[in-house]
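Q: Starting from the structure of chain A, add chain B where the hints point.
Those protein sequences? They're chains A and B, same order as listed. Going letter by letter, the first sequence gives residues 9 to 208 in our numbering. Going letter by letter, the second sequence gives residues 7 to 106 in our numbering.
Where hints are given, some of them may not hold.
Unchecked claim - DSS-like mimics (lysine-lysine), calculated; alpha carbons at most 25 Å apart, straight line:
id	chain 1	residue 1	chain 2	residue 2
1	A	K192	B	K78
2	A	K78	B	K90
3	A	K19	B	K87
4	A	K14	B	K28
5	A	K78	B	K19
6	A	K192	B	K28
Said to hold, decoys possible - Computed spacing ranges between beta-carbons, pair by pair:
id	chain 1	residue 1	chain 2	residue 2	range
7	B	K87	A	S189	35 to 43 Å
8	B	I17	A	K68	34 to 42 Å
9	A	V97	B	L14	51 to 59 Å
10	B	L14	A	P198	25 to 33 Å
11	A	Y51	B	A65	52 to 60 Å
12	A	F101	B	K87	36 to 44 Å
13	A	G137	B	D34	26 to 34 Å
Keep in mind that the hints were calculated from the coordinates and are not lab data. Note that beta-carbon positions come from the ideal geometry of N, C-alpha and C, so glycine has one too.
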Amino acid sequence: MLQKEKTLEEKIYLTWYEDGLIDIFTGVMLLAIGVQMIVGLSYLMAIVGFLGLVWVKQTKQTVTDVRLGKITFSAERLKAISKLKRILVAFMFSAIAVGIIVRFMHDGTGATPYPRALPIGIIMIVGMGLMARMIPLPRFSVYSLLLAGLMAVDVLLGYPLVYAFLVAGGIIVFMGTGDYSRFKDTYPIPQERDEEQDDE
Amino acid sequence: MSKAENILPDIDKTVHELARLKIMATLDSVAEGDMTFLMNFTGLSWGNLSVQVSKLKDAGFVAVEKSFVDNKPQSRVSLTKEGKTAYASYKTAMGDLLGF
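Chain B extracted, bound-state conformation:
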């Protein structure tokens, strides 16, 4: 790797994808929310939301807790400690990259 490339901060690609970034930004503002909440505030379709939440779960950035409410399945999603750290690091790295 050349010296010039080391100057730019590392950007986490898992967080950097727009849909996943929206999910993490939304979850960073609350303790947890269900999938309807995420769908409303990210504007993602249900299918895309499910896929992206799964990817974030595989990366260890979100926790998904399933339960039944009135006999209907409900998923509550929250950022894990690693997710909060990753998101905070991402914000710092983007700030360094963009100069603010």
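This is chain A alone, in the form it adopts within the complex:
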């Protein structure tokens, strides 16, 4: 099956995601879930998520925009980005709702007949799949499959699911860091130019 050739606009748009920041954020979130399960710190994931988003936004401005250049996408693309943000926010709130429901069901003790991390893992797998499909970032399909595979291995071998989150998170952070490093090499900080002088 032939892959649809990307338009120039799509290629420019997808370059904006080559910095690896979203990969690092996703990996850190998975690590945070794993750590939360080990130390029992409630809301760690929420705190890390909030700080992570702030970091991504800040780094996009100070690293990505400076090196890649400031781009204002077309109205159609901005509309698509806005729609994507709304869907991801809706998904996040749904995930929180599911988490709360799972926490209080099963006679209120939070004890479940299945590993408690299973719903969280499924939500992360679906979330990464959504990003793979909607942005689109095909590598997030690989991340989704990685987490699913590791969770399956943990369940089959009788290990706690925390290992799946920690290993998947570590691998994704590593890959994101590699992308970030490559991005910085590919797009060095432009030398300061006197734009007034260039016009003469």
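A: Only chain B this time, still in chain A's reference frame:
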């Protein structure tokens, strides 16, 4: 002008130069971009980029908006309405010429 020459479509020479074509193709994909963006995606040197953007500005095909960000000058470049029309006409003419 002979009849045979009238068969071939007119190709706008301002757009048809490779560096300027790259600039217009890149700008046609976005609303606007700064010079760093253009340099990265066209592969042109800073000097050549500045010269070609000036030529496109003189032809009325791009608009250059200068501002200061953190006390540093920044130029935002975008295709004008005439530029979008010229680029679209160029694509049509090249399609007719090359038969696709």
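Q: Compare the structure with each hint and give your call.
A: Evaluation of the provided hints:
1. For the suggested pair A:K192 and B:K78, the alpha carbons sit about 21 Å apart, so the restraint of at most 25 Å is met.
2. Of the supplied pair hints, the one linking A:K78 and B:K90 holds, its CA atoms being roughly 21 Å apart against a limit of 25 Å.
3. Restraint check: the Cα-Cα separation between A:K19 and B:K87 comes to about 23 Å, which is no more than 25 Å; the hinted pair holds.
4. Under the criterion of a C-alpha separation no larger than 25 Å, the hint pairing A:K14 with B:K28 is consistent with the structure, at around 17 Å.
5. Restraint check for A:K78 and B:K19: the C-alpha separation of about 29 Å exceeds 25 Å, so the hint is violated.
6. For the proposed pair A:K192 and B:K28, the alpha carbon gap of about 24 Å is at most 25 Å, so the pair holds.
7. Evaluation of the 35 to 43 Å hint for B:K87 and A:S189 yields a pass: the beta carbon distance comes to about 42 Å.
8. In this structure the hint that B:I17 and A:K68 lie 34 to 42 Å apart at CB holds, the actual value being about 40 Å.
9. A:V97 and B:L14 have their C-beta atoms about 54 Å apart, which keeps the hinted 51 to 59 Å range intact.
10. For B:L14 and A:P198, the Cβ-Cβ distance of about 41 Å falls outside the hinted range of 25 to 33 Å, so the restraint is violated.
11. Between A:Y51 and B:A65 the beta carbons are some 59 Å apart, a value that agrees with the proposed interval 52 to 60 Å.
12. As the Cβ distance of A:F101 to B:K87 is approximately 42 Å, the hint placing it in 36 to 44 Å holds.
13. Taking 26 to 34 Å as the suggested C-beta distance range, the pair A:G137 and B:D34 conforms, at roughly 33 Å.
Taken one by one, the earlier hints fail for this structure at numbers 5 and 10, listed in ascending order.
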